[in-house]
Structure formats: C-alpha cells, structure tokens
Amino acid sequence: MTEQLDAGLVAQEIAEHPDALSQPYAGGELGRGRRRKEDAKLVTGQTNWTDNITLPGLLHMAVLRSPMAHATIVSVDVSAALEMPGVIAAYSGADLADVMGASMPCAWPVTPDMVSPVHTPLATDAVRYVGDGVAVVIARDRYAAADALEAIAVEYDQLPAVVDMEVALAEGAPLVHESAGTNKCFVFDFPGAGADYAETVSAAGDDVVVVKRRFIQQRLLPTPMEPRGVVVAPIAAADEFTMYSTTQIPHILRVMLALTTGIPEHKLRVVAPDVGGGFGAKLNVYAEEILALVVARKLGRPIKWTESRSENYQATTHGRDQIQDIEIAASKDGTILGLKVELLADMGAYLQLITPGVPVLGAFMFPAIYKMKAYHFTCTGVFTTKTPTDAYRGAGRPEATFAIERIMDELAAELGRDPMELRKQNWIKHEEFPYDMVAGLTYDSGNYEAATEKAEKMFDMVGLRAEQARRRESKDPVQLGIGISTFTEMCGLAPSRVLGSLSYGAGGWESASIRMLPTGKVEVVSGATPHGQGHHTAWSQIVADSLGVPFEDVELIAGDTQSSPKGMDTYGSRSLVVGGVAIHKATGKVLEKAKRIAAHLLEAAEGDVEFAKGTFTVKGSPEASLTIQQVALATFAAHNLPDGMEPSLDSDYVYDPENFSYPHGTHLCAVEIDTETGFTKIRKYVCVDDIGKIVNPVIVEGQIHGGLAQGIAQALYEEAVYDAEGNLTTGSLVDYHVPAAPDLPHFDTGRTETPATSNPLGVKGVGEAGTIASTPAVVNAVVDALRPFGVNDIRMPATPERVWRALHGDGSPSSDGSDRAAAGTIAYGGTSTGSTAGAAASETIKSSGSAL
Amino acid sequence: MRVRMKVDGVQYEDEVEPRKLLTHHLREGLGRVGTPIGCDTSNCGSCIVLIDGDSVKSCSVLAVQADGADITTIQGLASGTEGSGTEGSGAQWHPVQRAFQEHHGLQCGYCTPGMIMATVDLLKRNPNPTEDEVRHGIEGNLCRCTGYQNIVKAVLSAASELRGDGPIPGSFQDAPVEKQEVPA
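As you go down the protein sequences, you meet chains A and B in turn. Counting from 1, position 792 in the first sequence corresponds to residue 792 in our numbering; the numbering is continuous, with no gaps. Offset between the second sequence (1-based) and our numbering: plus 1000.
No false leads were mixed into what you were given.
Okay, derived cross-link-like pairs now, DMTMM-like style, lysine to aspartate or glutamate, Cα gap no bigger than 25 Å in a straight line:
(1) A:K454 / A:E467
(2) A:K681 / B:E1133
(3) A:K41 / B:D1121
(4) A:K37 / B:E1161
(5) A:K298 / A:D141
Hints listed in this document are in silico derivations from the structure and should not be mistaken for laboratory results. From a predicted model like this one, the values you see are computed outputs, not experimental measurements.
The shape of chain A in the complex, shown without the other chains (with noise of 0.2 Å):
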C-alpha cells in the first residue's frame, strides 16, 4: 500500500476505506500476559547470537591468559606463533601499547582519592590475576588460532598471590599495583542521614541489647549461558567501524571505546544483537571488545572473538565476595535503635566499569523496611589477584539484604522473639508512607503488612511451626527450618542527580522515540537494551495502551546505536521503571499532536476533541471521528494540516526518575534438613512480591522465578573457590554448581500492588527482586532448623557438609576446611554475640549443649 500514497489517492484511501485504517483498540493490555513476541525466533533457532555472525573474510581472535595469579613479565614472544598455518598476526600488550588506549575505563570514583590502577587490555608489565590478557593470536578460524596461543613464549617471574582481603590490608603484604603503595582501593564512609550510632547505644543506657555478626557474602560466577564475544567490521579506509557485541550496553559501550581508543563516536556503531542473559556480567567494557577493535583497525579485517566457558570463568567478571561485619542494636522491647556495617569488598586485580560503585549501592539498604535512629556504613575496598569483581544481578542490594535479614533473626534469636512479629514490630507502616529513612532515601509507598499477611496464609505458616514443633519434639532425623525475608529494594537506577552525589560519571535518564509509520503501525525506538527480559512484548503492551493501536501494529528497535541512539540501558531492575516510563512519555507527545491534527481535519476545536482507545471524537457530533491511524496516514501525506505545523507525528522523550522506586515482598521458604547427611531440601517457597502496577504477569513471574533460581543458588550452591596461588578451583561447570532442574523446587508466588507514586505507570520493577529476597530467606530456613543443636550462623553455600559438620563436628562453619582457611587467613565466620543487657558473650557460633 505504501508506494500508493502519493497525492490523492490518501484522502481517496480515508474516504473509500474507513475501516482499513482503523484497526480497533480492544484494552486492557496493561496488566495483560500477552505472549512474548520474541519466542518465535528463539523457539525454531533463528537467532542472531554474537557468535553467529559471520562476514566475508572474517579472521578469529584468541587471548592468551596468564597462568599465574601475579607475576612480573619479563619477555612475550609471539615469533613462533607466526609462523604457524592459518596465522595472520600475533601482539603482545607491549606491541599493542600505542593503540588499545592508557586504561579500561572505571566509571564510578566512589571516593575523591580511589586506587584506579591502570588497566590496560593486555597486561604488559605484569599479570595480576589467572586469566589477565598477555597476548593475542588472529588466524583464519578459531582452531588455528587455538593452536598458535601454545606457540607463545612467555617468561614470567612470579610474585606472590594476594588471594584474601584480610590479608591483603595487613602490613607488608604482596602489593597488587606495587605504584599504588596499598592493597586499600578506596574507604568509603556514610553516616546515614540520621543519629550518630555510638551516641544512641550509649544514650539507651541499660535498655538495650546488640547483636554483633560476620557474614561473607562469597564470590560468584554470574554465568550466562551465552558466553562474551564480539565481532568488529571495519571499513578501515574511512576508519569507521561496526561492533557486535555480546553487551547489555550497546550506549554505554560506544561512549566508552570512543574515550578509551580515541576512535571517534561518531564513526564507531556498537550492536547488541540477540543477547543470550547478562545479569550484569554484560555490563561492562571488556578488554576482548577493544582488543578485537584495535586488532581490526590495524588490519583492516573483521575480527571474532569467543570466550569458552572456562575462560568466561576467568575473564568475565564475578559477583559478590565481601565481608560483612554488622551490628544491630534495639531495646529490650525489640524497637530497633541503630544499625553499623564495616565492609570489606574485594574488587579484584584491577576496577571494571562500575566495581567500586556495587558495595556503595549497598550502602542505602542495610536499613532495608525498618525504621530506627542511626545507621552508620563504612565500605573498604580491597585489591586482590583475583578477576574483577562488578556488577551481578541485585549488586550491593542482595549483600544488604542478606545482612539485615540475617540479623533479624539473630536479634529475634537474642531476645527470645519471634523473627515475624520482630519484624512487624520494626517495619514501615502502610499508613506511614512516603517514609524519609534512616539512609537518606525516602520510600514513597509500600504495604509490608498486606503482603506478609498473604504469605503467611499461602505458605500455611501456622501449620509449619507445628510440624516443627513435632520434629523437633520427637527428634526426627530430618528437621524443618522456617525462613523469613521482608526484604525491598532500590529499583529504577536512577535520578541523574543522585548518580552525581555519588561520582558515578553518567546519568541515569531513559531515552524513548515514537514513530508513527504512514499505514498506522508503530515503531517504538527504546535506549533500554534487551538481553531476555522481554521488552518487545512489554513495550508493545505500553503502546497499544497508550496509542490504542493493537499490540501486534507495534514493534520495538532497540540495542543498535545507530537505530537507537540515545540510551543508558539495561541493568539495575531500570527498563521499565525508567525506559517504560520514557516511552509512555513519548506516546503522550504523539497523542498531543495528534489531537491538534484530528481537530484540524475535523473542523473543530481542539477542546472539543477528546480521544480514547485509539480514536479521536468531537463532543456532541459521535458520527465525526478519526482513527490514530487515518491522522498518522493524514500526516504523512501533509496535504492538510494546521498551517506551519512540521509534518510529522514522531516523538521523543528522555526521562530522568524524579526518585528510585521500592519493590518489596515476603519471602518464606521452609526446609528439610537431613541432621544425617546434612542435605538440605526446600520443602516450600512462597513470595509475595509488590511490584507496584504491572504491565504482564506472565514476564513478571518469569523474572521472579530466574531470580528465585539466583539467590537460591548462592544460598545453597555456588562458590567461586580460589586455591592459595590464587587458582579459580571451580573454573567450569564441572566444578561450579549452577543448579539444574532437579535442584529447585517449586516456587508459590503471589503478588500485592501498591502502585510506586514516583512514576506514572506506577511500576516498581521486577529483574531482580527475587534474587535479592531469596538467599537470606533460604539461610534464616537453614539456621532455623539447626538453632536447637547450637547453631546460629551458616556460611554460604550450606552445601551438606557444611551443615553436617556445623552439626557433628568441629564447631563453626570457619573451620570447614574451605578455601580461604586454605589461603591462610584469619578465620571467616567467627561471629560474637554480645549483648550489653548482661547475656553471656558467646564467641564461637555453636555454643555448648545440643537441644535434641
């Protein structure tokens, strides 16, 4: 139809075939579980993955990484490897020095004095964790290019590892960066927005009773089950170059190579192709992306790099791997007084994008739903040769959750509570919001009460203390723990003016564009870059409502910087409380215009039209009406239009949040504990998640249960384990445990919706809840069913010997033989319960005497 538009034949279109531009609005698509319209492709396999994409002449790229954890070195040479067949060109870091830029870039200074060590692509004067970059091959397919890494002499002369925090900050310990003088990154100090906390404890005099715990939050390997890669295509003879690459941030990414490479911007286009998951291991700028770059601009080539698994396990960056020292202090009637976290966070050998930033993010949830006085948070972080850490899905939110959780329930412990009613006692009440807390946020809506009351009644909490109980009582082998976790989060990243309170050196607006196509379909431009989440469908929903087009006239472009430009991207539980809300904004725009065009042609006055479900009346006269799609067609032709109005309907809007938004939930989980084996089950999982208004279920319950599937995983199985050289000993799949089917159980959800006030979808956002509420949930379950034995803490993951051994053996969970024993530190886990109200101090986590 569209080359028979020209002039005549579109007001002869409206006249003859009213109906053909007048698709009908049936409603309702907000809230609707629509089916994805991104399964087709993914379901018959017509995917455009990274490593899919192939071009005439493409050479493959393979980066040697070093064996060692530390070491100096002393020679490259790449001369043997050249001679080998199919090889087109070998570079060591030295070779490449003048081209692949001074650093990678770390964009979030957390501090005014941060350690921001040099980090180049490849090392060059030495290696500082398995896996650092030293040289890389390009041959005509990846086996050659495999083979000639073997021929690459590398002399090194290794140093000492620094595989522990803790020793790390000791004095005389190995250097990481030898020029920075210190293995300490940054000390980063907030005192809340409230009391001083050593203040408050004292001012309470006799009334008040603390409870002092270490947890570890361990290290994680993020693991999407697509591995990194890229593929660059230069037209070197203009130097403008095109980058597929596996990224959650196509923007962010473009930006930052051009800063880095000194490649102009403008000439350089980054594509984000089908993403196969990220959960935050994709949001970063990776050495492979401007190694694969540079490689490209020298040779005039295309380049692909793939990573392998194992060395996604090295090269990509990992999660968590703090240390956690946090103090709760309450009244002897259990009101919360203050609260006081010490960090130790391990960065790694060198700072990815945002490394420093994922403990200071922690900062502002320690306090989590729970009213009090004083908070104060401090945060080291610390190098170590050990692959950077960075963002992984919740960053910094599940490591406060986790704390504060955890706590609680060691407070209910202390004082002889139960942990719900402790809870209850502490938390926000729905009527008190909006709720200025004690870290400076103000939460603007929430209803703790009415979603743990529908928990409680799906998880049958009643009866479940009574089996207990019965458990308990006759001293069944296999014993039932109960797990609680009121947890919320800070959705929504972010208001740009916070960002710029805490140095991150960009904004945190969503960018959006309507285009409104002359046969009245949709073309939806988001900066929120999709890796699986489903924003195809989503954003279709947002415009068919908006515009009252059918959901199938709408299609999204997205992840291509050449065909969305604008962007921030895809992390931080943002797209739709930012980007849904940006294009919800532009729609607005189109509809305003819209009117004044549908006025003109109906020949009345603007405040006489009114609009709904995609059609345009005039008060009073219900036979004079035009269809979104007869003005789009209308304005397109621009035959008639208002005099001097630009001939166009597209529109733009770029949204900066006025506040995060506050997801929150209840979270109950229940387990069996085999006291002979120490295997753990989870018998029951139930959440309730508030996620304010929603625009599918069925995606929104999909997120819950992936996140569900994360935080569980960290509670129950992964680790990331580092040997004392400073080796990753789960460097696969074979070794890390990435749960499978049979190692989950089913989960309850339900859902509450108290609309966020800050936005006006009234959305929350969902990516990340359920990983953020489940670990503690699961633990607080673990140590509920061992409390009666002694046990009061649990390290992560309570893998069944763990849990035996805190059972049967030798006392806390830091003398299970684990890794960092092994790596010679100063115990972890050890934790103290002391409390100024008189109780016996207990300084191991099994106390004496068992209750069965």
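Following the hints, complete the assembly by docking chain B onto the known chain A.
Structure of chain B alone, referenced to chain A:
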C-alpha cells in the same frame, strides 16, 4: 577426512579435520547456527541435537563420528509445509516448541534449542512423565533465566499434547483484561 551427513533433511559431504567437534562443523561448516554453544565441558546442554533420533550434546561428538548420521537440529524440528520447508514462515512448530512459548519456558532463549531437543527425546522415551521425572530428565540442560518451573510446565504440556490429551492451558490471556485484579 571426508564426512557425509544429513542435517535437517539436507545431505552434506565435506572435508573436515579429524579433531573438529560436530557442533563446530554444524555451526561453522554448514552454517546451522541455530544450535548454540554454552560451555566447554558438556555440562550445559545448549548444543543438543538429535542424531538418528537420540539427543546428543553435539560438543561431545567429533564431526567424523557423525559420518553417515541423520541429524535434526532445532532448525529442522518444525514440520515443513509446501513452499516454506521447515524454516519458512509457514512452517508448523513442533508441539514442544509451541509448549515452550505457551508456558513461558524461556527468557533469553540461549538454552532453549538444547532444552527443546532434549525434551523431544525425553518424551519419546517417557511419554507420560511426572514432574520429578521431567526435572531429572532435563538435568543435563542448564538454564540461568527461568528457574526451570515454566520449562517443567512446558514439558508436561507437550507430553500431554503428544499423547493426544491436548496441551495444558498456558498462562497467557487471549482475552483483554479490563482491570487488574490484585487485591492489596
């Protein structure tokens, strides 16, 4: 070495290095890139194809070992229709493919080809599995997005349909909702 194999209905004959993995031959030699690779230790199952009807991790087989084989990848699973073959827009999805969409058994979709091919084989061996049998039946396939619950539902639904009992209704709403019903 010279290798002959039929892949998704097409006969191929190629010279391959003896060490070449079948998965690399399929993807790079034959351009059948619908089957992705997720690991290097045969743990993840993303690369599963059917070799003579049995599910096999194509990273654990050399191309030369598949000499003479009849291989079906995710790209050849749909039923062909006249004029569009198994991959054209008119192709009819296999019930397992439909079930994965209907039950939202995928998010990023990277594990999906392997999950679907493993399921086809599982249901051939056990047409009426319990939920527990499904979970164990796909334990050689890792998914990082879904938490498996919807995959299990999809497999049970496909089983029901393949047995002739009709699919289990999915979660999707064909009718519009006028109002969200979520009690606070």
